[in-house]
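Given the coordinates of chain A, work out where chains B and C should sit on it, guided by the hints.
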Amino acid sequence: MGRFIVRRALFGVVVLAIISFAVFILFFVVAPGDKAANFCGKGCTPERLAQINKLYHLDQSWISQYWLYVKRLVLHGDLGYSFNNQQPVRAIIFDRAPATASLALGAAVVWLSLGIPIGILAATKPRSLRDRAATTFALAGLSIPTFVLGLLFLYLFFYQLTIHGAAFFPGNGYVPLTQNPWEWMKHLILPWFTLAVVSAASYSRITRGSLLEVLGEDYIRTARAKGLSERRVIYRHGLRSALTPVVTLLGIDVGTLLGGAIVTEAVFGLGGIGQTAVTAVVNGDLPIIFGTVLFAAFFIVVANILVDIAYALLDARVRLA
Amino acid sequence: MTAQQAVDHAGRDINTQAGDVLLKVEGAVKNFPIKQGIIFQKEVARVHAVSGVDLEVRSGETLGLVGETGCGKSTLARLIAGLYPMTSGRITFDGSDITNLPRKKMRPFRRDIQMIFQDPYGSLNPRRRVGSIIGDPFDIHGVADGAERKKRVQELMEVVGLNPEHFNRFPAEFSGGQRQRIGVARALALRPKLIICDEPVSALDVSIQAQVINLLDDLQNEFGLTYIFIAHDLSVVRHVSDRVAVMYLGKIMEFGPVDDLYGLPRHPYTNALLSAVPVPDPDRADTRERVILRGDVPSPVNPPSGCPFHPRCPKAQDICVEQMPPLEPVFDDPPEHRVACHFPVPEGEDISQCTPGIDQSGTGPLVGADLSAVATGS
Amino acid sequence: MTVIAADEVAQQKAGGPGHDIPPQKAIEGRTPLQLAWARLKKDRVSIACLIVIIVLVLVAIFANQLTSLIGHPPNEQYRDKGLAPNGLPVGPGGFFLLGGDDVGRDILSRIIHGTRVSLLVGVVATALAVLIGVSVGTMAGYFGGRVDTVLSRTMDVFLSFPFLLFAISLVSVFSPSVRISIFVIAFFTWANVGRIVRGQVLSIREKEYVEAARSLGAGDFRIMVVDVLPNLVAPILVYSTLLIPTAIVFEATLSFLGLGVPIPTPTWGNMISESQGTYLQAPGFLIFPSLALFITTLAFNLLGDGLRDALDPRAARVLARK
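Residue numbers (my numbering), protein chains in the order written: chain A, 1 to 321; chain B, 1001 to 1378; chain C, 2001 to 2322.
One chain only, chain A, in its complex shape (with noise of 0.2 Å):
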């Protein structure tokens, strides 16, 4: 166990490597346009262009240049400089990133609460009116994009509501748990379901396909056959096998996760990172974009190993390949 921690935490690191490499070229090597101008921002003065020019190295070679990068990275953990705000990107990213993390976990819960119910609640009588809603739930979720659901929520349950005097969703922003939990939860109820749904849908699917796979086996027939009520048999025996596929999805899809954040922060506008970043591209901030980016990378990656991790300790398979 201990060597498959290590090889994939070793992995792990390679993946960051080339991920920041990819990162570095892609801003200091092959973006067009004076390399300083780009992460001057707006209202660039000449001063800032010269002392953007020191800080990077940018008049060295591009190998100085990259081995200043990831000193910098790696030993201080900096991130940039952004001019537009006068803060180090680090400095934004951990302001703006509990918004995002409540999102997140919020959200996951949501959409492991809806969408394995759902699909054990599919598999169990399958072709059944109960597995035919569940299937086109399922179907239609994975068919809405993020933002038209997050924006179909606002104008139902905010707008409308609102008109017909029940207001009861605020229409955006954010407010941090420790000001005030309540309002912390009412803003983030919309929120949480426009992103778990699309992941629900596609977990549900999941796990009915599995559970279903997985009560088809000999091994049910024979928990049956013993006289064990129906609900020990679903789940006792047949959930835990059929959980282990779920369980890598929930790697796979930190991706997606991130993804599906940034795009209903800014339906919403909650403030997280991942408005920061899209807020970035609109004004040109390139430090925000070049930090947030390393940032996430960095957060994939580790989740991706406490994942597999997971996984091995799940499936003892996997730690002996």
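Hints in this document: simulated from the structure, not taken from any laboratory. All values reported here derive from a predicted model rather than from experimental measurement. Idealized CB from N, CA, C, for every residue including glycine.
Label-pair restraints from in silico Cβ distances:
#: 1; chain 1: A; residue 1: Ala17; chain 2: C; residue 2: Lys2041; range: 48 to 56 Å
#: 2; chain 1: C; residue 1: Ser2177; chain 2: A; residue 2: Arg3; range: 41 to 49 Å
#: 3; chain 1: A; residue 1: Ile5; chain 2: C; residue 2: Gly2144; range: 21 to 29 Å
#: 4; chain 1: B; residue 1: Ile1034; chain 2: A; residue 2: Glu230; range: 39 to 47 Å
#: 5; chain 1: B; residue 1: Lys1105; chain 2: C; residue 2: Val2147; range: 21 to 29 Å
#: 6; chain 1: A; residue 1: Leu313; chain 2: C; residue 2: Asn2064; range: 57 to 65 Å
#: 7; chain 1: B; residue 1: Val1279; chain 2: A; residue 2: Leu313; range: 50 to 58 Å
#: 8; chain 1: A; residue 1: Pro176; chain 2: C; residue 2: Gly2277; range: 24 to 32 Å
#: 9; chain 1: C; residue 1: Lys2041; chain 2: B; residue 2: Gly1295; range: 55 to 63 Å
#: 10; chain 1: C; residue 1: Ile2263; chain 2: A; residue 2: Phe94; range: 31 to 39 Å
For chains B and C alone, coordinates are given in the frame of chain A:
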């Protein structure tokens, strides 16, 4: 034969006359490495699939190769067919050394050495038409194209007993026995000299088995084929073979003409195998002594020292643990009949009454009643 | 399979194998694809989806003709008739069939032209991703060993990229365009295809008919093309059909964020984005492009599902992972 070089029915030069040695295997060894490692995998153990096999096959004969699962007979077959590289040893075919030849040099020999596989369902590509499958050899070796190829494929189908009009069907539309016929047709396409049959009838129903075996027999007579026939069913092997080799854990234990070997098996292992063959006459079956071997076949990753059979042999003594016996004739057997045993079985001996002279409990994987080793976790 | 059973029964009646069925029965076997098509035809939902998709393709091809039929070019702003007196977009019915957008353009015409971009980007990006994914996956699965390790790790790296963020960066460095959109989508999705193909090839490689081909003297390339690839057609077809809507949604998302095709070219994504200011009062502006997007995505998803069931009714669940 005249002084001129003879030519076979396919118009090719024959270097080997009927009865001469067509294929010779010397000291064949094949190991599969087991690798482990964090970044760079290195070998931690080996599967000793074939551990020193010497064999000869004469032109026109059928050599039977028997053994239990895991004894290495399929690996040996694939070594001869050039599907695996040999770890060490030499293979000589029709006078030429074909050991580990690079692919290009091996190609002409592939026309002469063909294989029929065990699984009628797995050995044919389900997405290809049967005519295309049988025509593969013509395509690969550039022998025939278009209409000419179609004609020859249909001829082959007739020869093996299939309806040539089914040329465009898919394998799924044929029964198991018919699929094996397709496999035979494919192997026969380029008129090979040697056909290796890897358990060709094991997956078929008994009545179909008989048909396929008869087909192989007819083809051998008509085309002057040489067969290596691999099986684990001893009765089938007896029926088809001229000479038989018995394998155990990668080595040949006994080898000889079929009647000699079946009539008077010299090796304790052969004795045990033959005693397990069902006998139709119930009276004879009752009076026969069954030799029941203890334990399981050891793992080829860690084969026993000396003679590999010593952990289970009723006649094992110390020398069996130390030395691998040479494969040679014993008692007053003809030179053709060779055994690798320190204590071959003389006529009339009932080895189920023998007791081994060594401690056999620790030398196999959890054999026998000695479970104290398990309890202490060693 | 009923075909075998029928054959065997007939053969037994005729006196054993070798005496085969009279030639009235099919002499030409039906390819697995033909059999699948027959199964697909029976699935009404899939046929409906197929029709929808064909209609969409036709709309995309004849977009210009259609808009001239309507009479309102997609980028023409009708400030007088297209906007209500208070400056808000005009509703459906009346001058514009589906209503107007916030600068007085005809939504219907713009949706029609949006079909072009969506389908173009969706199909081309998918085709590119599939091409790369199949090649890499096949080589990785077939050759194994070092080649496989290197290629698999590469695919893993690609799968670890934060794709939307990276897409954002790419677009911010180079300005948005159709080409960038296609490239970005293909760049991030090929590895998914590659992984699935590699898995399939790994299992195909172990089959005896591959060994048989090798024993006949076939070269690696020939085996890959003649023996491996035909067995990949089914999963590739299914996966491509399911990948297209992903690509379309991806493109729409990019457009929504302002990173897709540059304005004023209409795409469903940027229409939805533009509607954000006024949709609360003029919902048509949001709803119609959303509907178009939804129907397209749903059609491809349902068709993909139907294809999967038609091509291999048993293995439907194995391919359930997207």
